[in-house]
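Colleague: Taken in order, these protein sequences are the chains called L and H.
Per this note's numbering, the first sequence starts with residue 9, numbered consecutively.
Per this note's numbering, the second sequence starts with residue -8, numbered consecutively.
Derived DEER-like restraints, expressed as beta-carbon distance ranges:
| hint | chain 1 | residue 1 | chain 2 | residue 2 | range |
| --- | --- | --- | --- | --- | --- |
| 1 | H | S92 | L | Q649 | 26 to 32 Å |
| 2 | H | E124 | L | A587 | 40 to 46 Å |
| 3 | L | P693 | H | D299 | 20 to 26 Å |
| 4 | H | E124 | L | I214 | 48 to 54 Å |
| 5 | H | R6 | L | L68 | 56 to 62 Å |
| 6 | H | E124 | L | P693 | 25 to 31 Å |
| 7 | H | R35 | L | A187 | 27 to 33 Å |
| 8 | H | G234 | L | I652 | 30 to 36 Å |
Derived from the structure by calculation, the hints contain no laboratory data.
Ideal Cβ positions, reconstructed from N, Cα and C, are used throughout, including at glycine.
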Amino acid sequence: MTPSARRSGRRVRLASPTLTATQIRWLGAMLVAVQLPQAPHLPLWIAAFGLLLVGLRLALLRRDRLRPDAPSARIPSWTLVIFAVIAALAVRASYGYLLGRDPSVAFLFILVAIKFLETRTVRDGSLLVALASFLLVTPFFRSQSPFAALAVLPALVVLGATLDALARSPAASLARSPAAALRRTARMIVHGIPIALVLFVLFPRIGSPLWGLPAEAGAQSGLGDTMAPGSISELSLSDNVAFRVDFDGAIPPPAQRYWRGPVLSRFDGREWSMLPRPGTGTLTRWGPSGLSYVVTLEPHGKPWLFALDLPASLPRPSGEESGEPADDYAFITRDQQLIARTAVSQVLRYTQRSVLRASYPAFDPDEGRDYLRLPARANPRTLDLGRELRAQHDDDGALVGAALDWFRAAPFVYTLTPPLLDRDPVDAFLFDTRRGFCEHYAGAFAALMRAAGVPARVVTGYQGGEINPRGLYLIVRQSDAHAWTEVLIDGMWRRVDPTATVAPSRIEMGLSRAVADGEPVPLFARLEGGWLKSAQLTLDAMNHAWRRNLVGFNRDRQRDLWRELSIDRYAGWQIAAVAGALGLAWAGILLALTGAARAKREREQALWLEACTRLAHAGLPRLPHEGPIAYAARASRRWPQFAIAFAAIAESYAALRYGPPPARAGEREALVATLARAVDVLPAPARLRSAAA
Amino acid sequence: MTAATHVPAVGAWARTRQRFFRHSPADGERVVLRHSRIYILPSRRGWAMIGTLAIMLLTSLNYALSLGFAVTFLLTGLVAAALLHAFRNLAGIEIRPLAASETFAGGRIAFTLSVSGGERTREGIEIRAAGAEPVAADIPGGTPVILKVERPAPRRGRLALGRVTLSSTQPLGLWHAWSYVHFPLSGAVYPEPEPGAPPLPRGAHGQDMTAPGQGEESEFAGLREYHPGDSPARVAWKAVARGAGWYTKEFDGAGGGGPLTLEWTALAATLDVETRLSRLTAWVLAAERAARPFALRIPGGMLPVANDRNHRRAALTMLAMFPAELRA
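Bound conformation, chain L alone (with noise of 0.2 Å):
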């Protein structure tokens, strides 16, 4: 072999082909779909930066259209690297931290952008592409609601076009307007929707995350280990959800309605605060009876749990109806709270079991010394209402009526928006501003009750919850979350919420007529009646079956399907082996369908490519524009003694693929008889070529 064709033979590795135009469009527009869902979830800045990038690439494009013969404008690479560490310092200044994982989105989303400005060739477009699928996942990190999906959708519709535009070589390659690529793409994802379909329900999910979850799980809002003066007034101006429930039976009425969460022993003067390692307690014996229903709760970076005071049984993961429920699932302090083994990071449902009931026996007869401590120096004036309070009265029960008394004769106002307590909080608000929010009764009243001698403690929670007519469900928001305290008389905890001696309508009906007009309730808490408020309910019951059953669907919800199924009795090999049968049986339907058009005109079509073939051997293709008659003139005057067969193939061609439906039964196969006898008289190739010469 000589050296040049040793040269040739070589398999080049050539450099990867310069995209064209309208694959950088594609691109731009891929992008831009991918980012606009991220951008609510992003600070502003960063959101409109990133789409802005991508404008400026698109601009210069245009602009190298409108004038050819300028040089078009390239980005040199290394002002790239500039604006990516700007992007980094500044995404690091916005976060406070740069390794997290909405830093680490925000950071994402500036490189894409700053990557398609120096996009050049096919292979960057791949990387870019591959870039941005992982941006679809993104924005569920932070909302993966019914919106957020609709969003998605449109950007893996334009995300698979541009895979298509990539694929095509700008020189061999027949146009395709951008709506006929987006139809084509849509297609492909519906023929694949099976496939996603039995991965979603098989692919095993997993109870705990591989790696550890940023601190961002923490974030989400919720009640926290402390109360201090503000902390649940800040929570009640927000609409979100914190849990809903579905009842077995009939839903309790509201003032029933105290959500158990956080046990708050520990006092500083100023905050409450959860016992650092409350000890594992045993459920009260009440017997089989009680309330039985499901929670559905929210993600809120805690371990908490909440149940109807009093909670009866330890929660179990919603499906497992029978058995005795997992211990390693959550767990009973003794100060009745419910603690799941790990935080709460994404939507729960169990199933609870509660006894409604405002009293129940200590875990401990002697316990009550540890509900006694009060700092020494703080809040004099508190400590000594309580010894005043304590002379009066040597009952507890009649103590405890006593102090509610006076905090009904005094001239106290429930309000949202109480003066800032400095120090003393307890004094100032107990004999200075008497304008607070449930915390501050909660807190205040339970100090009170340690300086008089009673042991108390603070619970937090949530109250009340809207009924939802729509799916005959409770949703309880943030908006009612709750304080009150409980008291241990005679070896029994009783529930006491002096908030109800002060404003009793925040416990019948909720905040909304708890406070004056003016105050700043959030929306959903003030909503009357009204269509507004149907048409909010309706979206919420919606909201509620999407959350339950889609986003809700982790681990447990498809060990339910499963049981469901019947699915689980097989082994993982056996699963997967049904999975590859029906990935295989999908191949076959979906081939079947996709040919099946094909076959009905097979006969015809067969014929006429015969017909054609031949005539191109003879050496007179047919020319890409030609329809059949007027290749059957070209024919025959290239060959006038077959001029007849000619005439005959191309009409019933035309007849029977472009003509209208034939109107007689038979007319159809009479057509392709005339059609095969037409072909068949035609000579072959070779005589043809020999009859012209």
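Please arrange chain H on chain L, whose structure you already have, making use of the hints.
Modeller: Using the frame of chain L, we list chain H on its own:
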């Protein structure tokens, strides 16, 4: 082990190899691509996409994003559908070998194949052969497309098209689907005409002959229809320029002089085989230009005197196929 037991094993192995890799040119007049011939693997972009899907899956798993799973699996479905469509794009394509051109050593031979996709448009069909620039085209439905693959022909002899790889990454470019076809199609590579070859030898048979190029043109006899392969020197260019069509000028008699004999043995004994073949090739062309009939005599073959196109082709082919073992 005896030969008798060994041979079938080799045969089976050879058959398997042929079945999978089509090493020998055993495909006949037409090949229709079926599943047994179509191979599919992820393309480079396909691997990148599969890797991305894995990362998306891990992310969804870790953060328990149900909708993340949904999007990941929808994209997986799209990739799987692209696999099926990549198969559909090749399945049913019919390929026929049409012709191979001829050339002189150092030129290129063009092999033409007819590719038809039936009713559907077949997208981005690429054809590769060893040493040839890949050719790519969309095959519109209903029309066979003639694709030309050009292979460089560095040596005289017969150049086979060899195994052809027909491939496509459509749709979406995530999957590379391909098929091998191997037609017994080959073209003749004539020896390279010797540059600056000496003038044609004097005629044989003791006739007095004029030197080529100096001989007066014989009398113009008329025009006939042009056939591919006619000497450009004989084309009636004025007629072409007028748009009257392609014609070739014909001359009276046997051409510009008497018949020639081009003889191997008449060449200087010092010349090596390839040089002799090159010179004889140059002479055949010169005789054709001069429209002189000639005879060719080389070891192992001879052609009687004639001067038409077939004669020229026969002579050149004879020179091209000159046995290789006599080269030394």
